[in-house]
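A.B. asks: These protein sequence lines are chains A and B, in that order.
Sequence positions in the first sequence follow my numbering and run 5 to 205.
Sequence positions in the second sequence follow my numbering and run 5 to 205.
The hints are simulated quantities; they were obtained by calculation from the structure and are not laboratory data.
Any given hint could turn out to be false.
Listed below are the simulated EDC-like cross-link pairs for lysine to aspartate or glutamate, each with C-alpha atoms no more than 20 Å apart in a straight line [to be verified]:
1. K66/A - D110/A
2. K142/A - D65/A
3. K142/B - D65/B
4. K66/B - D41/B
5. K66/A - E134/B
6. K142/B - D148/A
7. K66/B - E76/B
8. K66/B - D121/B
9. K142/B - D65/A
10. K142/B - E130/A
11. K142/B - E79/B
12. K142/A - D53/A
13. K142/A - E134/B
14. K142/A - D110/A
15. K66/B - E134/A
16. K142/A - D83/B
17. K142/B - E152/B
18. K142/B - E130/B
19. K142/B - D110/B
20. K142/B - D110/A
21. K142/A - E130/B
22. K142/A - D47/A
23. K66/A - D47/A
24. K142/A - D148/B
25. K142/B - D83/B
Just so you have them, the derived chain A footprint on chain B, three or more residues with Cβ under 8 Å [as the list claims (entries may be wrong)]:
26. 58 to 71
27. 106 to 115
Since this is a predicted model, take the numbers as computed values, not measurements.
All C-beta atoms in this analysis are idealised placements derived from N, C-alpha and C, irrespective of residue type, glycine included.
Protein chains: 2
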Amino acid sequence: MPSTPAEPSALVQRRQRQVQQRIVAAASDLFAARGFDAVSVTDIAARADVGRTTFFRYFGDKSEVVFAREQEMLEAIVDAAEQQRPTESPRSVREAVEQLAPIVLDLCGRATADPEDYARHVRLLEEHLELRARDALKLQQVADRLTEVLVGRGADAGVAVLAAQVALACYQTARRRAQAPGDLVGQTRAAFDQVLVLGAS
Amino acid sequence: MPSTPAEPSALVQRRQRQVQQRIVAAASDLFAARGFDAVSVTDIAARADVGRTTFFRYFGDKSEVVFAREQEMLEAIVDAAEQQRPTESPRSVREAVEQLAPIVLDLCGRATADPEDYARHVRLLEEHLELRARDALKLQQVADRLTEVLVGRGADAGVAVLAAQVALACYQTARRRAQAPGDLVGQTRAAFDQVLVLGAS
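Given the sequences, and given the hints that come with them, work out the whole structure.
C.D. replies: Shown next, in the form of structure tokens:
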């Protein structure tokens, strides 16, 4: 076991996080002011007061900054799932969907915590086909992560895949139904409620 | 009303379709032989025995050729929906999902009609993140088209959105569960069957 104390590492992590957030904020401001295409990595780095090398330590390209939050969420899923870990393995698609609902609602809450920032993000996607495509792919990665969470809880793999895709369907529905960022959580909950009584009528 | 007879237009359409299919087949062969990145539009045009100008009359860029089939399907949805038009408007999410199932199964059948070609397409997507992203976006466009079909049949807009996303979830599940192209239709049907009894247990 290494004898290095935990604090320095935590401090480094916090500083890294601050730099990353500064880059994201700088990019978001510039995209909103000038449009995605007119902003370069150099512009973003300059506004965030970091070098280009630092930028590329955190992000592969300009588009990746747009999905920094989605990437964070992807990483947060396992933590969220751990915190809400139920005592029983999901035995049916219904139970699996029920177990995913609070995780997805938690993600929606985080995504819209800053409504103005979320609205800007949505506008950026609307304007760029390539960004919409990356967004659609990110959400499939979210679904695949949710599948892993269920399998980790002992669900059958086939059940887990379907439940995760249904959970994503609820989120996608809410995005289309929501009139404002503040509606997203409520609309996602409503979609889950509707899906969970699908075969009951 | 124009006096031009219908035949020439149909003939022109058939020729255009043949040219388009030749471009798609040429691109598919070249991508499989050399890899997506090593093939240029000029290469594809040469192999299909057409000029670059002709290529760009049919496709915006190299990636678009990969999704020619998806684009065709997108256009086929409205026709498929017309042919299978039920007499009643869907009144619930369940009825709406039931109405979408045969349309989606029909699309799956067409997609895998040439299993070897479908398998090549899947391999291409696996190798390229940008193509996976475009694929994910195309499928969202399919869902939005399915929503329109339901609204056209008199469904409530909110019901239609959820039903279309659930139908897409069944397809995405089948893609992950299917071991071979020949399994896709059966797996999609199985996913619909499971989803439609979600709240019954």
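A.B. asks: Please go over all the hints and tell whether each is borne out by the structure.
C.D. replies: Against the structure, the hints come out as follows:
1. K66/A - D110/A: Violated: K66/A and D110/A sit about 27 Å apart, past 20 Å.
2. K142/A - D65/A: holds, 15 Å
3. K142/B - D65/B: Answer holds: K142/B to D65/B is near 15 Å, not above 20 Å.
4. K66/B - D41/B: holds, 10 Å
5. K66/A - E134/B: Holds, at about 14 Å.
6. K142/B - D148/A: holds, 18 Å
7. K66/B - E76/B: holds, 16 Å
8. K66/B - D121/B: The given pair, whose Cα atoms are some 17 Å apart, holds under the 20 Å limit.
9. K142/B - D65/A: violated, 23 Å
10. K142/B - E130/A: Distance of about 15 Å is within 20 Å: holds.
11. K142/B - E79/B: Satisfied, since the Cα-Cα distance of roughly 12 Å is no more than 20 Å.
12. K142/A - D53/A: Roughly 28 Å between the alpha carbons, so the hint for K142/A and D53/A is violated.
13. K142/A - E134/B: Measuring from Cα to Cα gives roughly 12 Å; hence the hint holds.
14. K142/A - D110/A: holds, 17 Å
15. K66/B - E134/A: It holds: about 14 Å lies between the C-alpha atoms, which stays within 20 Å.
16. K142/A - D83/B: violated, 31 Å
17. K142/B - E152/B: holds, 15 Å
18. K142/B - E130/B: holds, 16 Å
19. K142/B - D110/B: holds, 17 Å
20. K142/B - D110/A: violated, 27 Å
21. K142/A - E130/B: Holds, at roughly 15 Å.
22. K142/A - D47/A: violated, 25 Å
23. K66/A - D47/A: holds, 11 Å
24. K142/A - D148/B: holds, 18 Å
25. K142/B - D83/B: Roughly 18 Å separates the two Cα atoms, so the pair holds.
26. 58 to 71: n = 0 at 8 Å, threshold three: violated.
27. 106 to 115: Check failed, 0 qualifying residues.
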